[in-house]
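Peer 1: Build the full structure now, drawing on both the sequences and the hints.
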Amino acid sequence: MEQILANGLYLGAQYALIALGLTLIFSLMNVLNFAHGQMYVFGGFVTYTIVAQWGMPFIVGLIASAVMLAVMGALIEVFLFRPVIRKSKRDESTMLLAAGIAFFLDAVILLLFGEKQRGVPKIVNGVFNWDMRLIMPYDRILIGVLAIAIIAGFIALMQYSKTGRAMRALAQDRVAAQLMGVDVDRYSMIGFALGAMLAGLVGGLLVTITGVNLGMGGPTSVKAFMMIMIGGAGVISGAIAGGFILGMMESIGLTVLAVYGDITYLAIFASLMVFLAFRPQGLMGKPWG
Amino acid sequence: MLRRTLLKTTALAAVASFAMLGTAFAENPVLKIGFVGVTSGPAAAWGTSNQRSMETRAAWINETGGYDIAGTKYDVQIISFDDQKDPKRAIAGMEQMAQEGIHYVVGPNVDDGAAAVRPVAEQNAIMYFPYAFPKELYTAPASNAVLGMVANYQSGPAIYKYLMDNNGVKKVAFVAANESDPLSQRDSGSAAAKALGLEVVSDSVTYQVDTTDFTPVLLPVIQAAPDLLVLSGVSPANAPQLIRSARELGFAGLISTETAQDAAVLQEGAGELANGFISVGGASTPELASDMMKEFVDRYTKMFGEYNDESNTKVYALEYILATIAANPAALDNVDEFKATMDTFEAPNPYMVGDAKLKYVGMTSFGQKRQVSVPLVVNTFKDGKFETLFVAQVD
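Chains as they are written, first to last, in this note's numbering: chain P, 1 to 289; chain Z, 1 to 395.
Note that these hints are calculated values from the structure, not bench results.
Not one of these hints is a red herring.
Only pairs whose alpha carbons sit at most 27 Å apart, straight line, appear in this in silico DSSO-like list of lysine-lysine: (1) K369/Z with K357/Z; (2) K357/Z with K294/Z; (3) K161/Z with K385/Z; (4) K122/P with K382/Z; (5) K385/Z with K122/P; (6) K161/Z with K171/Z.
Peer 2: Written out as structure tokens, the structure is:
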């Protein structure tokens with residue numbers, strides 16, 4: 001049981017961090033960013049290049065991933081999403097644009113980093129073993145703690161900083177925020193950059209554990225969408241809850257249902273369908289959007 | 001007068017240069033060979049090594065004047081299609097090959113893709129060289145598919161037997177991704193292990209290919225305390241993570257797979273935890289490699305920056321196609337001629353030292369010669385490199 005809980009918490013922390021960026025962008029701009037998974041992969045490859053190829057410290061790679069993805073996010077918002085949102089009132093325009101960016105990033109990643117699985121050396125060696133009841137490598141513990149710290153930092157930023165308040169106002173009511181003097185364009189750009197930065201950060205963190213490859217983008221996006229569907233799209237606390245719930249469900253399912261074959265995700269998807277039939281807005285989302 | 005001469009000279013020079021240009025462009029006829037396989041996603045390394053091997057060899061042939069078929073030198077052009085490991089796209093790829101008039105295709109890389117393209121290949125007279133193991137592709141009445149490597153039901157028993165005899169393995173566990181290839185490889189591996197008298201302590205645990213934490217996946221398997229953990233059909237992307245998780249969970253036994261892996265990927269993803277990992281290698285070792293194989297590796301590395309060990313096997317398919325056509329030039333656009341030649345075909349193997357031959361095998365497994373003969377090289381990983389554990393031959 002201890003092992004199941006620890007696995008669930010570790011998975012939940014990384015999932016929540018992935019979902020946070022996606023839900024932030026959705027809440028600010030009503031954009032379903034299908035390229036979120038590709039941004040995560042890009043972040044992983046940047047860290048890989050800096051740490052494994054250039055031999056620099058892991059923290060440098062992590063910061064570089066965060067900065068590069070933040071810049072990429074800002075540029076994507078300013079030059080792609082902003083003009084499209086201005087010219088088209090249809091939601092599918094931004095969805096198509098996001099899907100196009102996902103394909104584009106896949107091609108760029110293939111060109112820049114190749115098709116192979118990549119990974120960086122373990123940042124901490126050793127395994128925590130509590131009498132065979134709980135086994136957890138130290139690097140996973142460190143990554144889990146870092147993920148939780150980043151989530152806490154993000155919540156603090158959103159809660160107590162001027163930028164965070166402005167973004168929350170924007171998420172609640174775009175027009176009202178504009179009337180109150182919030183620079184909508186500026187904070188949309190900052191929000192998108194922040195969302196992309198979170199994707200890059202988690203990609204950089206997880207490259208030490210799972211490695212990274214070109215094909216991880218799509219499945220990562222799907223899981224991130226599942227989390228925000230569970231928690232409620234556009235709600236920060238919902239994304240965190242969704243991440244931890246999915247992580248815990250996966251951990252329990254993989255242990256309890258292992259003897260029946262790979263039915264964990266079948267059970268999760270079936271549960272999700274039933275859940276959404278009763279609560280389509282997710283746990284913390286509002287029925288009116 | 002001077003002006004007229006100048007005009008005439010200019011016109012003549014222009015005609016002459018166009019004529020020379022025409023001569024320059026009237027190069028060798030082109031022989032198109034197709035590739036349909038996966039070059040993106042988690043299994044991209046499998047198809048990319050195919051495509052790059054073919055492109056390297058084609059560039060080499062073209063650079064040295066073309067491939068001689070019945071006294072005519074042909075430039076080889078590789079037409080590639082990424083099926084993204086999706087059977088629907090594999091069919092589209094094979095249809096594209098048919099539209100291009102191509103009769104010889106390398107790929108697909110996985111079972112469902114290879115099975116899906118069979119009707120298209122047969123209807124359009126295409127011989128294809130899959131890296132997939134379903135026996136029905138290679139047994140009569142099927143006759144257009146030629147297995148491009150050693151199948152897991154050929155390599156698996158050889159590995160288990162070796163480990164039983166040399167390492168005292170008695171209990172084995174299988175873990176597979178929840179996809180058609182790994183699952184079928186797990187089933188045939190488990191059956192082969194039981195036939196050899198091994199105790200199979202776990203063969204029901206599977207995982208999603210996009211799993212980011214294998215600890216919960218492997219926990220029940222490790223608790224079954226096998227001597228040997230077989231990662232059935234594991235992709236190069238998942239292998240390092242699985243090895244790492246198994247070792248971190250305290251598993252001290254042997255770990256093996258029947259798929260080819262990449263040393264650099266294992267080193268980066270699992271480091272020294274991957275030491276001792278057993279896999280089927282590319283069909284070459286330093287002892288087996290001829291000068292031509294060494295040059296191929298060199299050219300590949302120059303062309304793409306980094307070599308892939310799998311290409312030791314993947315280099316063969318194109319060579320077999322070209323050598324078989326050279327043996328019977330009527331096979332250029334007639335695959336029935338190609339099939340007829342396969343039964344008796346034999347040519348020197350340019351990638352191996354000694355008197356090794358290129359020849360089609362498969363009578364034992366398929367009842368007809370529908371497999372290329374490549375050495376079965378079983379490797380063990382040590383400190384970033386593969387070392388040869390043993391070499392065997394398959395018929």
